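Protein sequence lines correspond, in order, to chains E and X. Heads up: the first sequence is residues 3 to 91, going by our numbering. Heads up: the second sequence is residues 7 to 458, going by our numbering.
Keep in mind that the hints were calculated from the coordinates and are not lab data. All of these numbers come straight from a predicted model, not from anything done at the bench.
Here are the simulated DSSO-like cross-link-like pairs (lysine-lysine), alpha carbons at most 30 Å apart as the crow flies: (1) E/Lys73 / X/Lys22; (2) E/Lys4 / X/Lys250; (3) E/Lys71 / X/Lys71; (4) X/Lys251 / E/Lys4; (5) X/Lys322 / X/Lys265; (6) X/Lys135 / X/Lys160; (7) X/Lys360 / X/Lys127; (8) X/Lys104 / X/Lys127.
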Amino acid sequence: MKAIVTVVGKDQVGIIASVCNQLAQYNVNVLDISQTVMQGYFTMMMVVDVSACTVELAQLCGIMEETGKAKGLSIRVQREDIFDAMHRI
Amino acid sequence: MLNRNDIFQTLDMINKRHLDIRTITMGISLMDCADRDIEVCCQKIYDKITRCAKDLVRVGEDIEKEFGIPIVNKRISVTPIALVAAACEADSYVPIAKTLDEAARSCGVNFIGGFSALVQKGCTASDWKLIRSIPEAMAVTERVCASVNVGSTKAGINMDAVAEMGRIIKQTAEITSDRDGLGCAKLVVFANAVEDNPFMAGAFHGVGEPECVLNVGVSGPGVVYHALQSVKGQPFDVVAETIKKTAFQITRMGQIVGKEASERLGIPFGIVDLSLAPTPAVGDSVARILEEMGLETVGTHGTTAALALLNDAVKKGGVMASNHVGGLSGAFIPVSEDEGMIAAAEGGTLVLDKLEAMTCVCSVGLDMIAVPGDTSAATISAIIADEAAIGMINTKTTAVRIIPAPGKVVGDRVEMGGLLGSAPVMPVHAEASDLFVARGGRIPAPIQSLKN
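Could you put together the complete structure from these sequences and hints?
Right, dumping it as structure tokens:
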């Protein structure tokens, strides 16, 4: 199963490193990353594979959200299906 | 492959435009709970609801997290109690209402619908008992919602029931006068009620429905409003097309959530109700969508046409997004639950007569309207009759949810709290309809040809 990770917030050193580290810790494989900084704001979108994730997806969502909060970032993990449903016929 | 614009568009809708799944509602048949002894009947009802719905809230919360979309309400609808309780040897169905309330509390849902009777052609002894139990039931319970269907296109309008419902609404307001007549906010009078509606207060689990089913109600006035801001000044073809596309996206969200929830709960997926349901939050208003089409204030001339376009475009866009669309599907215009409607009613532009015209083209009816506390039962019955007639002739669902707020006069405001919002007290005509309502009997079903 694939999920989409989105990260939005003020740019700072080490955002990608900390997000990837955290994901690796739960055995989540990163498939694709697209990232940009707009007017000082960091936005990143990752496609990840959560099939072998060591915790429940709902739990991972909570952990990543907390990780983000500590750095003043909004980090969301959502199942890919919802974006597919909305944007594909 | 998804592109980043699509992804950030979806996130924007959820984070900034109030896109949410308004409700996942589990419909449960209580037909097998009938018993001569009302206590046994109550026990069977409690056991069945708590067994079927024990995982509803947990599953809803899990899906919320995984998909990252809020599911605002988890609710239950049951078979109309007038049918379930018909076998009981009891004078009042209040004990059943209390049982429903306890079952709802134990499952963690905020509303349970189905304290209902379907009396479009006539009332059984059980229907009368249920109707007369409504005021007390609304006063002693917190989460139970009641509804009565008094008319339909096929049966006409049961004017005896209409007359009684005027009195019942007055009694319900009086018995809950310490809470500004809040009981009336949980009581709907329908014509052409639908059996698979997931939205409260009018949800019940119809007799043609399966044992247990999951229905979903989506929302998203804020998303539609935002989409229309990008087509300012353009012709209505563009407006309609924009609404259709947005409604498609919103409904897809409901479809995927409903499918996932029904699979996890091991019950069939019923329908997506693709209604635009507003909340009192700024930016989540149906009224503001109509104003975005070019009206200075909702309720002015042009409002009915704007609403007709909106209602139709929402349906057209949503139908293709889901394999089963049902419920009330369209635009809701509840006054107290819509910040733009409240403003227009307080400013005096939106009056009851205009709202009635709007109900000819919207998906429901006169919803969450506060009127002065001294409004007579006959006047309320006459308002119900007007609304039922619109539904009957136009082959659509109409409803009346009206609060004759005790001790309040025009200009006052009634606070309901939460999603129910606050309603400005609106004026009604002072001229009496008593003799009209006192006639009783039935208004015959209308002819379905020679349409003009």
